[in-house]
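**Q** Sequence:
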Amino acid sequence: MEIYLIRHTEVAVGRSVSYGQSDVELAVNYEEQRDRILTHLPTETPAYLFSSPLSRCRLLANDLATSAKVDLQRVQFDDRLKELHFGDWEMVPWAEIPRSSLDPWMADYVNVGPPNGESFGALFDRVAAFWQEKISPLAAENPGPAYIITHGGVVRALLCLFLDLSLQNAYRIHLDYGSLTKLTTNGQHFTIQYINR
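The sequence shown begins at 16 in the numbering used here and counts up by one.
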């Protein structure tokens, strides 16, 4: 089974702001980035489309489904595919977060979450649960390509799962906005075809 992990396109809010699960606007170059994504997807109709329900993923998922002539009702939105929840830090500029709060998180983001937010370990657990429930049962059947439209943190968590990487090393993986990561799986074994294309 071919699986395409698709990170949403660029957002209008700058990188200087913590936005996690906040529903932010897309940058003006959305259509250009969407069209670039389409050039990297197979001509074969996707068997499954899964997406984060946040609008920056929802719009892309619906556009990819429309382009592939897939009924929009077949797009499955799943909260477990949302980005890391930054809690009290949502929509706060990173420079305004007190060091006394930020430093412990940066030292151990796998186990420590922002106030009223979640740790990367918690994100990993929900993403792994999504994989086991939704993807693993399908993979052995080899139904055709699946698209998963999601966020950088989720793609990194899945790569840690597939490659048995330490979660502490997840952010050593660079992922551009609008990038694709492709893997093949039979449900038990994974082969990464490419990352961040």
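Keep in mind the hints are simulated off the structure, nothing from the lab. A virtual CB, placed ideally from N, CA and C, is assigned to each residue, including glycine. Hints are not guaranteed to be accurate.
Unchecked claim - DSS-like, lysine-lysine: derived pairs with alpha carbons at most 27 Å apart:
id: 1; residue 1: Lys149; residue 2: Lys84
id: 2; residue 1: Lys197; residue 2: Lys84
id: 3; residue 1: Lys149; residue 2: Lys197
What the hints assert, rightly or not - Computed Cβ-Cβ distance ranges for the label pairs, DEER-style:
id: 4; residue 1: Asp140; residue 2: Pro108; range: 27 to 33 Å
id: 5; residue 1: Tyr192; residue 2: Ser115; range: 30 to 36 Å
id: 6; residue 1: Asp38; residue 2: Ile188; range: 22 to 28 Å
id: 7; residue 1: Ala110; residue 2: Tyr209; range: 31 to 37 Å
id: 8; residue 1: Ser181; residue 2: Gly202; range: 31 to 37 Å
id: 9; residue 1: Ser116; residue 2: Ala42; range: 24 to 30 Å
id: 10; residue 1: Asn201; residue 2: Ser31; range: 17 to 23 Å
id: 11; residue 1: Val107; residue 2: Leu53; range: 33 to 39 Å
id: 12; residue 1: Gly136; residue 2: Asp38; range: 21 to 27 Å
**Q** Between Val107 and Leu53, does the C-beta distance stay in 33 to 39 Å?
**A** Holds, at about 35 Å.
**Q** Does the Cβ-Cβ separation between Asp140 and Pro108 fall within 27 to 33 Å?
**A** Between Asp140 and Pro108, where Cβ atoms are some 29 Å apart, the hint holds.
**Q** Keeping to a limit of 27 Å between CA atoms, is the pair of Lys197 and Lys84 held or broken?
**A** holds, 21 Å
**Q** Keeping to a limit of 27 Å between CA atoms, is the pair of Lys149 and Lys84 held or broken?
**A** holds, 22 Å
**Q** Cβ-Cβ distance between Asn201 and Ser31: within 17 to 23 Å?
**A** violated, 43 Å
**Q** Confirm or reject the claim that Tyr192 and Ser115 have a C-beta distance inside 30 to 36 Å.
**A** Since Tyr192 and Ser115 have Cβ atoms about 31 Å apart, the given range 30 to 36 Å holds.
**Q** For Gly136 and Asp38, compare the CB-CB distance with the range 21 to 27 Å and indicate the outcome.
**A** holds, 24 Å
**Q** Return holds or violated for the Cβ distance of Ser116 and Ala42 against the range 24 to 30 Å.
**A** Given range 24 to 30 Å: holds, Cβ gap about 29 Å.
**Q** Do the beta carbons of Asp38 and Ile188 sit within 22 to 28 Å of each other?
**A** With Cβ atoms ~25 Å apart, the hint holds.
**Q** Starting from Lys149, check that the Cα of Lys197 is at most 27 Å away, please.
**A** Roughly 17 Å separates the two Cα atoms, so the pair holds.
**Q** Using the beta carbons of Ala110 and Tyr209, state whether their distance is inside 31 to 37 Å or not.
**A** holds, 35 Å
**Q** Could you check the hint for me, namely that Ser181 and Gly202 are 31 to 37 Å apart, CB to CB?
**A** Taking Cβ atoms as reference, Ser181 and Gly202 lie about 24 Å apart, which means the hint is violated.
In terms of the numbered hints stated before, the structure departs from hints 8, 10, listed from lowest to highest.
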